[in-house]
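> In order, the protein sequences belong to chains Z and P.
Just so you know, we're using this note's numbering here: the first sequence kicks off at -15 and counts up by one.
Just so you know, we're using this note's numbering here: the second sequence kicks off at 88 and counts up by one.
No wet-lab data here; the hints were simulated from the structure.
Since the structure is predicted, the reported quantities are computational estimates derived from the model, not experimental observations.
Even for Gly, the Cβ is constructed at its ideal location relative to N, Cα and C.
Please note: incorrect hints may appear among the correct ones.
Claimed, not checked - Taking CB as the label site, the calculated pair distances span:
id	chain 1	residue 1	chain 2	residue 2	range
1	Z	R90	P	N359	46 to 54 Å
2	P	T257	Z	A234	52 to 60 Å
3	Z	T12	P	A205	40 to 48 Å
4	Z	D43	P	Q120	34 to 42 Å
5	Z	L377	P	N197	23 to 31 Å
6	Z	E284	P	V475	48 to 56 Å
7	P	A167	Z	A167	40 to 48 Å
8	P	T305	Z	M385	26 to 34 Å
If you want the building blocks of each chain, they are given just below.
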Amino acid sequence: MKRLIVRGAAVAVMAGSLAGCPATDDGTVPLFEVDALWPQPLEYPNILGPVSGITVAPDGNILVVTISDRAMFSAANEINTLTGTGECCTPVPGVVEFAADGSLVRQYGGPEVQGWPVRPHGIAIDPEGNVWIGGGVAPPAGGGRGGRGRGAAADPNTPPPPPPQPTYDTHILKFSRTGELLATIGTPGGQPNSASTNSFGGAADFSFDADANEVFVADGFANKRVVVLDATTGEFKRSWGAYGNTPDDAPAGPFDPAAPPSQQFNRVTCAELSNDGLVYVCDQGNNRIQVFETDGTFVEEVIIAGNTRLNGTVRDIAFSNDDDQRWLFVTDGTNERVYILFRNTLEVKTHFGIGGRYPSNFRELGGIAVDAAGNIFTAEDGQGRRVQRFVNLGIGAVPAMDQGALYPQATGGM
Amino acid sequence: MNRRNILLSSGLIASIVAVGFAQTKLEAVASTQMVQAPKFEVDPYWPKPLPNQWVYGTVIGVAVDANDNVFIVHRADGVAGGEAAAAGDTPTAECCRPAPPVVQFDPEGNLVRAWGHAPGPVTVGQASFVWPGSNHGLGIDAEGNVWMGGNGGGDSHVLKFTVDGTYLGTYGETGQACNSRARNHFCQVADISFNNAANEAIFADGYGNKRVAVVDITSFQIKRFWGAYGNAPIDQPTYRGTRAAGQTPPWSAERFNEQQYRNPVHCADPSNDGLIYVCDRQNNRVQVFRLDGTYVREAYFAPATLGDGAVWDIAFSPDPEQAFFYIADGKNARIRIVDRQSMQEVSTVGTGGRYPGEFQAVHSIDTDSQGNLYATETYEGRRLHKFVYMGITDVPRHQGAAWPAR
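Same shape as in the complex, but just chain P (with noise of 0.2 Å):
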């Protein structure tokens, strides 16, 4: 009978995987022991509907501001074919055009505004600047301005805004080929979080560069950088590209240790009580260092994971501790909760699919002053989810997609 047929297949496929997944396979089996971590449930119905018969396109940045407002950008510019019909000065059909990049919702889900601009120069009043060619990672910094970085060819800079989407000013010049020692430019920054004390903006450099990048805030100057363990970066381009599906060694012995950021280095997040931790993200780690470089320690989260890698993002619990972090992980469709003292995965929330609290590729993550948290999706998932925190209590091991109870 076919049904057994197929049963059969999957079989052989699963014990095929079980080689390289061993203990994904033994995490699925102890999936239902409880254990004390945050709780999350989605919220199926936030943010509000968009107006206007926008979409948005891939989400590839989120921050939440001191007030809990939600900002998120999208690429706007890779809304096309039938999601775009309505756009333009000669429409197909009556749905849709791409909403602004930026886009601001407040805690309640309504949007607050959305502005931004296309790829290439723009020219507003007197202000010049050149918008990234593919948008990229957003930071709030401590008065309110919004940050953005790019990774497409040539973005080798940082724009930064007030709410409204005022231009104020550019970090690092454009336009420059990737160096990862570089002092007057960026490569392709992927995050931006801030070192407020110290008047400090820290980039995730990046797609292109290999290393953590922290800048004056007001001088605009690049005051120190780092690579893997706090070495001297080094652009070989063996540390480039993506591990082959299915690759043998000497790719095992090669994935621990690795001296170098494997590209993108994805986010550079700084701790309450000084420490800064890095997505490297093809590298499956997550690498935690002092405020001036000092490398700390390291942990590999599903160290296994080949291509798109594990460690996208990074966020904290709301806890004055921070005794908890989470990790973005859009190659196995979860966010990761870890001990942040242990730096042990203790529970996961999220799984693959198209409904609430299920991923297609999540990708950045952020937390309000209530714990709740935000994620939003790259490639075909294209959404903002908010989870709504629960506290620290029992939690399976894997809470899935954390549907409220009906």
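Here chain Z stands alone, though its shape is the one from the complex (with noise of 0.2 Å):
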């Protein structure tokens, strides 16, 4: 999520706090149950690609970046209006805005944009309601799948050609919340590099300081650190890696459970600030969150379900609506749940969701952000292509460690 912060809000809440309301885990937590009736089916023959970033704006809409490349749907069924062959469908272009009925409001952006990322990656909204979209890495063309050209015989006499490189988005566009492209932060087409001060490595994630001025920039799915940039101006301020410690681009290698904590990044894929001025930097290949003051003082670390291997678990981070923000939200798009975490203690107290195609099964969870009501809603990345709604229950005992699919007590649920 990415909330504004206001310090006004922040005093109301420490007022709040001597008030009697102290911040001390009484064993309760949210509970959810899925709205599988939301959002509003979109107008044949438009669908959603891969959701790859979720924010809930000031006014309660529901914005979220999808990736509406191709390449990404399959040609032989789902793209019949653009390839000819049949009657659905069509991918939406790239950002779609959803009031908080579920119904359409505008949808912008896509390959036709210039500067428009090859794997365009989350979305937020700054201090002047402008929206925020980073960016990815794309495999090579025709990698990861073989067989091109695989019976040419190779000629002895042509060096071999040099193998193909993933792009990388290395910049940051700004739209008007109507979508008209204002500014392009970072220069594109370039390559990660964590010590550069204008071009990024797959920025994957936003949220901003509203007194400061300053954006927070989780920097990224190729680089290793944070960025913070001057709000208005996308002027480079500062950065860290892991711990604080200044990034190394080194390649992480495979995700060893057993050995030491790794001191640098891999893959980061938030940095939130919360009310009372904390950074929580999701290091999903290291399975942990990370927390920062904002000036890049290290403070605190967790790991959650550490022994998970493939993608890491720590996807996205949303605080909870109440003021003092006691819970965070974090998605697992590997083991496929959202945790719920107590967040003085950074103590996981549940988690909900199954992997699946249903209503709060997830498929690539990634993306997560919850409204003033509390409402969670939460984005699917690769073939899940979803944003669901989770209604907000109030405040009740946590009801199993492992809630498991969250359907309706009306319809017999789990």
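Once you've looked at the hints, go ahead and assemble the two chains, each given alone in its own frame, into the complex.
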């Protein structure tokens, strides 16, 4: 989630705490059930691509960014209205904005926009109401599938072509709320470099400090750092790596749960600022959250499902809607669940969601955001391709460590 | 402004597509008109969530038994990568692992049982048989036994099990090459149905062969078979494969009246009044026969559809007359509701997407005694949907995702 920080609210929180709302763990958590009929179906023949970022605007609308690159869709049957082979479907262009009732407000962006990222990722709204979109890494063209040209005999007189390289999004785009491109921050078309002051390496997500007029950039899928920019000018201000170390771009290698904790980040996919001035960083490949002060001073960390390999466990973080932000909601798109942590202790109290393609099931769960009423919205990347809404049912005792799917009680539930 | 540019370019695409899909465009304009047809509402919370971190692979068969239990078959062995990270002896995450290939739900959507094997030779007690290389198609006979086909290389047989997975028999020799006139095996049977009065099983044969084959259930013998229009099937490669996207005549000249099936022959479903409805999937047509294989009539649906084709599976409405039948169209992401007498499409249900009532690739359909419609998805859809039958009433020309009122 990418809520605006408002210092006034933080002051009010402290007053509330003094009035008898101490942030101690009384064993309760917010409870949820899935709303399977949200958002409203898109107008025929539109479909969502992988949903790679989500945020809730101050007015309660839900914005997502999707990957609309044709290569993300099956040419066999999924984009017939583009290929002229049948009746459905056409991907939405890029950014989709829904009203709180799930109706479509607007959509814009996509590969037709100059400088549109090859793998758009992360969406957030700055204090001025503008929309920031980051990027990621696209695998080499034709790579990963194999087979193309495999039968051709090698010509001994021709040197082999260089191996295909991935394409990196090394810039950030800023749009007006209505989709007008306002600025490109960072130099597009470069290579990742965690020491650069004018480019990024797959900037995955953003949050904003309204008082300091700063943006915290989770940088990123290729770089190994948090970057702080001036929110108006995009000017580079400071950056840091894991534990506040200077970032080192040496490849991390496969994650080993038995190894000592890495001194570097491995895929920084969120950097979320709390009301009380702490930056919560998703270190996805290392299965951990690291917490910093806004100047980059390391505070503490927590490992989540630390034996997980593959893509790791910590993909995005949202704060609960109370002023204290007593709970963190943490997405895990490998074990396909949302963890609820008590923020003061960073202890996992419970989790919900299971793998699959039904309501409250997840496939490559990624982004998460919370609205003013405390409802959760999740985004699924890869082949998941949904935005799901979880209705806040209030605070109660922990039902179970593993709550599984969250079907409404009236349906017989779990 | 960027948004305007996008609108312009998508308008351009739309007008190019409209050349081939003018009819669809007209239908879209007329979609506010109401018609009398079966109405459906999707049940977003059916079936119940699976236990054990189980997930489905491609769900490529569905059948409802006499007690409205719903059976599916999916490709458990196709669940790979991150989705199978909890499988095996050295899991790399806590999610997920494939459910066994055959899964049974009761009418309320509770899991009853799940069973099956990995592809290849299987020995269980005294029984030895070959599980298909690629699971495909499911049928429940009058005794409640479960039959399944396969469309992998060497899947030239059909297996029969009891409801709980005890092996009963193999129809057709395994591992045989395709031959549409063979009397001792099949080739990649796509679907199975039954003429119980005659003790016959009807095979849509299939991905490799170009015929409907009728088998005596007791003797295991092939009694008769036929190709398109009742012709003797011919295994000509001309009819194999896929039309290229955007291909112009002579494609259009040969798309109607092709005298052989274009693989796959994807369903063969008997009606109450003794007709067999055959899915000639990539020819975008339904052909209707008498039970003896005499050709009766045909109808085309979305005939401009290329590639995977428009006619994937068929089920019938619950009234005794079966006034309507339904076509799963996995290419165009909808289920077509067809008036059986006129063979005219009157409405559709479902649309593209990943939400309830939306399809990435609808593949198989069946109905229960109440007229509820069950639909499975292959490719990346990988779900079993339930559409609740709401009776014959005024419905839109396109019912879309068919969500219940909130």
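> Each of the hints needs a verdict: does it hold here or not?
Status of the hints after comparison with the structure:
| no. | hint | result |
| --- | --- | --- |
| 1 | R90/Z <-> N359/P: 46 to 54 Å | holds, 51 Å |
| 2 | T257/P <-> A234/Z: 52 to 60 Å | holds, 57 Å |
| 3 | T12/Z <-> A205/P: 40 to 48 Å | holds, 46 Å |
| 4 | D43/Z <-> Q120/P: 34 to 42 Å | holds, 37 Å |
| 5 | L377/Z <-> N197/P: 23 to 31 Å | holds, 24 Å |
| 6 | E284/Z <-> V475/P: 48 to 56 Å | holds, 51 Å |
| 7 | A167/P <-> A167/Z: 40 to 48 Å | holds, 42 Å |
| 8 | T305/P <-> M385/Z: 26 to 34 Å | violated, 54 Å |
Violated hints amount to a single one, hint 8; each of the other numbered hints is respected by the structure.
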